[in-house]
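For the protein sequence lines, the chains are A and B, in the order given.
For the first sequence, the working numbering assigns the number 1 to the initial residue and increments by one for each residue that follows.
For the second sequence, the working numbering assigns the number 1 to the initial residue and increments by one for each residue that follows.
Mixed in with the good hints there might be a few duds.
Now the stretches of chain A that chain B is said to cover, found in silico as 3 or more residues with beta-carbon under 8 Å [what the hints assert, rightly or not]:
| hint | segment |
| --- | --- |
| 1 | 188-200 |
| 2 | 274-286 |
| 3 | 324-338 |
Under the rule of at most 25 Å between Cα atoms (straight-line distance), these lysine to any residue pairs were calculated in the SDA-like manner [stated by the list, open to error]:
| hint | chain 1 | residue 1 | chain 2 | residue 2 |
| --- | --- | --- | --- | --- |
| 4 | B | K138 | A | E351 |
| 5 | B | K107 | A | E351 |
| 6 | B | K138 | A | I287 |
| 7 | B | K110 | B | G151 |
| 8 | B | K43 | B | Q222 |
Derived from the structure by calculation, the hints contain no laboratory data.
Only a predicted model underlies this, so the values are computations on that prediction, with no experimental measurement involved.
Where a beta carbon is used, it is the ideal one built from N, C-alpha and C, also for glycine.
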Amino acid sequence: MRFLIIVVLSAWLANPAFAWEFSGEFSVETRAFSEDGTRPGAEYRANVSAFFEPEFYHSWDDGRQSFTFTPFARIDQHDGDRTHFDVREFTWQYAGSAWEFRAGIRKVFWGVAESAHLVDVINQTDLVENLDGEEKLGQPMINFALIQPWGDLDFFVLPGFRERTFFSPEGRPGFPITLDDKNPSYEAGNGAGHVDYAVRYFKSLGLVDLGLSHFRGTSRDPRFLQERRADGEMVFRPRYDIVNQTGLDFQVTTGAWLWKYEMINRFGQGDRFIGLVGGFEYTFSNIRSSGIDVGVLAEYNFDERDELALTPLEDDVFLAARLAFNDVPDTVILAGAAIDRETGATFLNVEANRRIGSRMSLDVQGRFFLNVPPSDLFLHGIRNDDYVQVGWSFFF
Amino acid sequence: MTRTLLTIALFAATASAQDRGREIAAEWDKRDSGWQDQVAELKMILRNSRGQESTRVLSNRSLEVEGDGDKLLVSFDQPRDVKGTNFLSFTHISGPDDQWLYLPALKRIKRISSSNKSGPFMGSEFAYEDLASQEVEKYEYEFLGEETANGRPAFKVKRIPLDPKSGYTRQVVWFDQETYRPEKIEFYDRKESLLKTLTYKGYQQYVDTVWRADEMFMENHQTGKSTRLLFTNYQFQSGMTDRDFDRASLSRAR
Chain A
1 MRFLIIVVLS AWLANPAFAW EFSGEFSVET RAFSEDGTRP GAEYRANVSA FFEPEFYHSW
61 DDGRQSFTFT PFARIDQHDG DRTHFDVREF TWQYAGSAWE FRAGIRKVFW GVAESAHLVD
121 VINQTDLVEN LDGEEKLGQP MINFALIQPW GDLDFFVLPG FRERTFFSPE GRPGFPITLD
181 DKNPSYEAGN GAGHVDYAVR YFKSLGLVDL GLSHFRGTSR DPRFLQERRA DGEMVFRPRY
241 DIVNQTGLDF QVTTGAWLWK YEMINRFGQG DRFIGLVGGF EYTFSNIRSS GIDVGVLAEY
301 NFDERDELAL TPLEDDVFLA ARLAFNDVPD TVILAGAAID RETGATFLNV EANRRIGSRM
361 SLDVQGRFFL NVPPSDLFLH GIRNDDYVQV GWSFFF
Chain B
1 MTRTLLTIAL FAATASAQDR GREIAAEWDK RDSGWQDQVA ELKMILRNSR GQESTRVLSN
61 RSLEVEGDGD KLLVSFDQPR DVKGTNFLSF THISGPDDQW LYLPALKRIK RISSSNKSGP
121 FMGSEFAYED LASQEVEKYE YEFLGEETAN GRPAFKVKRI PLDPKSGYTR QVVWFDQETY
181 RPEKIEFYDR KESLLKTLTY KGYQQYVDTV WRADEMFMEN HQTGKSTRLL FTNYQFQSGM
241 TDRDFDRASL SRAR
C-alpha cells in the first residue's frame with residue numbers, strides 16, 4: 001500500500017507542469033420512512049445525509065499519463081457507520097501503444113447485467129451508500145493491461161483487502177440481527193493484508209462482447225458466522241474466505257435488443273457453487289417522434305447457495321422499465337422489481353432524475369419491500385424500512 | 001409508339017437524375033476524405049421557443065477508416081453532471097454501427113444499441129442520424145436542379161434514407177458547386193412535412209483539402225426550437241490510430 005502511494009506520488013511529482021482539472025459533486029439527501037423503525041435507536045422516520053466527492057485530475061505527456069485523486073466523504077444524521085470517508089481513486093495511469101499500466105487506488109467494473117454484478121469482483125461494495133450495491137470502495141491495485149488485436153488482457157495484483165461497509169444498529173435500512181462487523185474473521189493468516197490476484201480477458205466480436213475472468217483471493221462478499229459473544233448475545237460475524245472464482249460474461253447486441261449473461265463458478269466458500277444472471281433489454285426508441293425512449297428489462301438470477309446466499313437474489317426474477325425523455329433537463333425514470341420466485345418477496349425500486357439548470361440535479365428514489373415472509377432472511381429485517389429519498393446535487 | 005418513347009425518355013431522365021444526384025454526393029464524399037483523423041471542441045447551444053438557452057460542451061475525435069465508416073469518440077464536459085461520460089462509435093457503411101458508452105460514476109462501459117437513429121441527441125434538435133457519418137450508400141438520390149444557397153451557386157439534391165428507422169422520408173441538400181460541401185439541408189418528417197433546416201456557416205479549409213463549418217445551425221420549424229453547434233480548435237492528421245478509439249481510450253478520454 002505504502003509502495004503504491006510512493007509510485008503514484010513520484011510519477012506525479014516528477015512532472016513539473018501543473019494543469020489541474022478540478023470537478024466533483026456535493027449532494028444533500030433526505031429520507032422519509034413509511035413506518036417507525038423497530039430497532040432501538042432507529043425509531044426515527046426522517047433522516048438527512050450529505051456527501052462530497054471532489055475529483056482532482058491532471059494529465060501530461062500528450063495525454064499518455066494522468067493522475068486522478070477522488071476522495072469521498074459522507075455525513076449521516078443517525079447512522080454512525082454511514083458517516084464515512086473513502087479514497088475512491090488515487091491513480092497514476094500510463095498509456096503505451098499496446099499496453100496500459102495503472103497503479104494506485106481505483107475502481108474497476110466488469111460485466112453486463114443490471115440486477116446483479118456477479119463477475120464484478122475487484123472492488124468491495126460500499127453497502128452503506130446504497131442498498132443496490134452499486135457503490136464501491138476504492139481498491140489498491142497494480143494493473144497491467146495488454147491491448148492486442150486478439151483482445152484485452154488485464155492482470156491485477158491487489159494488495160490490501162477492504163471490508164464491506166455495514167449499517168450501524170441505528171441505521172435505516174438496517175439489519176434485524178446484531179452484526180459483529182468490527183471483528184471480521186479471515187481465512188488468510190494475514191487477514192486484510194492478503195494479496196489477491198485477478199486476470200481478465202475481453203474481446204468484442206461483432207455483435208458479441210465477451211469477457212472471461214479469474215479471481216483468487218479474499219472473497220468480497222462474506223459469509224456470516226453465528227457466534228455467542230462474551231456478553232451472551234448472539235451475533236453474526238462476517239467471515240471472509242479465500243476463494244477462486246471464474247467468471248464469464250457476454251452481451252449480444254442485435255438491433256434494439258441487448259442479450260446479457262453472466263455466470264460465476266466459485267470455490268472456497270463452503271461448497272463449490274454456481275451463480276448466474278441472464279436476460280434482455282429492449283428499447284422502444286423515439287416513440288411517436290416524441291423523443292421519448294422506453295426500455296424494458298427482464299433478468300433471471302440464480303444462486304446455488306440457496307438460503308445461505310448473502311445475495312437476496314437466489315431464484316429471482318427482475319423486471320424493470322426505463323423511461324428516458326431525452327429532453328433538455330435529461331429526465332429519466334426507472335422502476336425495477338426483484339421478485340423471489342419461491343416466496344413472492346419483492347424488492348421494488350423507483351428512481352427519477354432531472355437536471356436543474358446546468359449545475360444541479362434532483363434525484364428521487366423509492367425503495368419498497370413487499371410480501372416479505374419471515375423465512376426471507378435478508379429482506380425480513382428491513383421490511384419496515386420502506387423509504388423515499390429526495391436528493392439534491394450540485395456539480396462543479 | 002409515341003407514348004412508349006415518352007415513357008423511355010422519362011425513365012432515362014429519372015435514371016440520369018438519380019445518377020447525377022448520386023454522383024454529386026459521391027464527389028463530396030471523395031473530396032471530404034484524406035483528413036485521416038480529426039479533433040474538435042464543440043459547444044451546443046439549445047434554444048427553446050421562449051428563447052431560453054442551455055449549453056453543452058463536448059469534444060469530438062474521429063478517425064477515417066479505409067473501406068468502412070469512421071470511428072468516433074465523444075467526451076462530454078458540460079453540463080457538469082454528465083462530465084466524464086464518453087461515447088464510442090464504430091460506424092459501418094452497411095449494417096448497424098457498434099456503440100459503447102462509458103459511465104464514469106460506475107467506471108462502467110456499456111455496449112448500447114445503435115438502432116435509435118431518429119431520437120434527439122442530448123435534448124437538442126439534432127437527431128443521432130444527423131450527426132452520424134454521412135455515407136453515400138445510406139441514401140437514394142435525385143438531382144433536382146441548380147439553385148443558390150448561402151449566396152453561392154449550388155446543386156440541389158434530394159436524398160431518401162434507406163434505413164427504415166430513419167425519422168425522415170426525404171432530405172434536400174444544397175451542395176456548393178465549387179467545393180461540393182453541403183450548404184443547407186432540409187429534413188422532411190414521416191408525414192412528409194418540412195421539419196427542420198440545417199444551415200452550415202463559416203466554412204474554412206483545412207489540410208489543403210477538407211472544408212469544415214464553424215457553425216451548424218439547426219432550426220425546427222414545427223416547434224420553434226433551435227440548436228447551434230459551434231466548432232473550435234479543429235485539428236487534423238495528428239497521428240491518431242485505432243488505439244485512440246478502443247475501450248481503454250473510451251474510459252480515459254477527456
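(message) Run through the hints listed earlier and report the numbers of any the structure violates, in increasing order.
(response) 1, 4, 7
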